[in-house]
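Anchor point for the sequence shown: position 331 equals 331 in the working numbering, and the numbering is continuous, going up by one each time.
Bear in mind the hints are in silico, worked out from the structure with no lab data behind them.
Derived DEER-like restraints, expressed as beta-carbon distance ranges: (1) T69 <-> G119: 16 to 22 Å; (2) S184 <-> I91: 42 to 48 Å; (3) S184 <-> T114: 32 to 38 Å.
Note that the structure is a prediction, hence the values are computed from the model and not measured.
We put the CB at the ideal spot given by N, CA and C, even for glycine.
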Amino acid sequence: MTLNQLAPATGDQAPPPTARSRKPVALAASAAAFVALGAGGWFAFMSPHDSTVKLVADTSTAVPGKPVTVTGTISPAVAHRVVELAVATTIGGPYAPAGTATTDASGRFQTTWTPAQAGKAWVQATAIELGRDQEAQSTAAAVTVRTPATLTLKLSAPAIRTTTAATVTATVAPAGGAVTLEKSSDGTTWMPLPTTAAKGGTATAKLSGLTGGTWHIRGAAAQTNAASEAASKEATLFVEDYKAAGAKYVAIVGPGNKAIGKLNNLIDAGASLASLKEQVAAVSAAMTQEGNAFRAYKGWPRAVAPVIEELAKASVVDADQYHLMSQVSSFDEWNQRNDETNSNTYAEGAAAARARDLLGLPKRSLNP
1 MTLNQLAPAT GDQAPPPTAR SRKPVALAAS AAAFVALGAG GWFAFMSPHD STVKLVADTS
61 TAVPGKPVTV TGTISPAVAH RVVELAVATT IGGPYAPAGT ATTDASGRFQ TTWTPAQAGK
121 AWVQATAIEL GRDQEAQSTA AAVTVRTPAT LTLKLSAPAI RTTTAATVTA TVAPAGGAVT
181 LEKSSDGTTW MPLPTTAAKG GTATAKLSGL TGGTWHIRGA AAQTNAASEA ASKEATLFVE
241 DYKAAGAKYV AIVGPGNKAI GKLNNLIDAG ASLASLKEQV AAVSAAMTQE GNAFRAYKGW
301 PRAVAPVIEE LAKASVVDAD QYHLMSQVSS FDEWNQRNDE TNSNTYAEGA AAARARDLLG
361 LPKRSLNP
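Using the sequences and the hints given, assemble the complete structure.
Shown next as structure tokens:
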């Protein structure tokens with residue numbers, strides 16, 4: 001018995017064969033999709049994609065309260081895929097949410113996580129399902145969160161002479177990190193200091209044979225399994241060079257003394273008022289230069305520095321008074337101005353005598 005074929009209902013007509021071929025064509029199936037012919041038409045079935053997540057945590061400086069950069073990639077690459085970050089104190093969990101990130105067109109993502117306490121932590125990323133891309137988790141990355149270390153420096157004295165020495169002691173807490181120390185005469189070029197380690201997280205170094213001036217000392221403590229690396233604040237040691245300071249003093253007062261000596265010779269020789277005015281103007285300029293030079297030099301020993309400041313102030317006053325003398329119009333006015341100038345000069349001479357004594361220079365008359 002032959003059965004008549006049923007015609008498809010209106011609207012469900014199967015597509016007629018093309019004019020080019022009426023032979024059946026084999027359909028190829030793949031992991032991604034396959035096509036089937038149903039009674040009502042053609043259907044496409046798409047299979048899900050497996051995803052993989054790779055995660056990297058920058059653990060080189062992980063300490064409590066400081067963000068740790070977490071980067072990773074997801075394949076297949078797709079933009080705008082949400083990645084959830086989670087952390088735990090054991091590799092088996094439980095994991096707590098720690099933020100989210102979004103992928104770029106290359107499947108890369110980046111975010112940060114801020115650990116709350118020191119110890120071992122595990123960080124894991126989960127790529128949320130998107131379309132045919134299935135949810136996927138990364139392998140947990142181990143992070144060692146180290147205790148923040150501190151390093152302090154202490155000098156045995158704030159200042160020494162070029163002929164004496166000082167000691168710097170470095171203390172790192174918690175103890176354990178190897179300590180290195182350096183010195184610099186200009187704060188730019190650094191040289192290592194031989195360091196002796198001691199118990200309790202301390203290390204010492206001797207500071208000797210240093211040239212005059214301000215020396216900078218700094219230290220660093222290496223990272224350990226439990227503690228972070230640490231850097232100290234700079235300590236400064238002033239090295240007093242009395243010999244150099246004495247030579248500088250003589251060089252500074254030389255031009256002024258020479259100018260005053262020439263002025264005295266002119267007075268003794270009965271020079272004209274015009275000649276005296278010309279020379280006293282030169283003395284005024286020398287005093288201005290002297291005051292500036294006193295303040296410009298930074299190598300004065302601490303015991304001498306206050307006296308040098310007195311001399312600098314007196315030099316400025318002298319310069320003004322000598323300038324006024326260069327403006328007089330008569331010998332009477334000259335003598336009046338000269339008396340005013342001499343009163344300050346004697347006070348300056350007393351300060352100069354103290355400075356010379358402190359610097360170990362030979363005594364001289366009450367002139368600087």
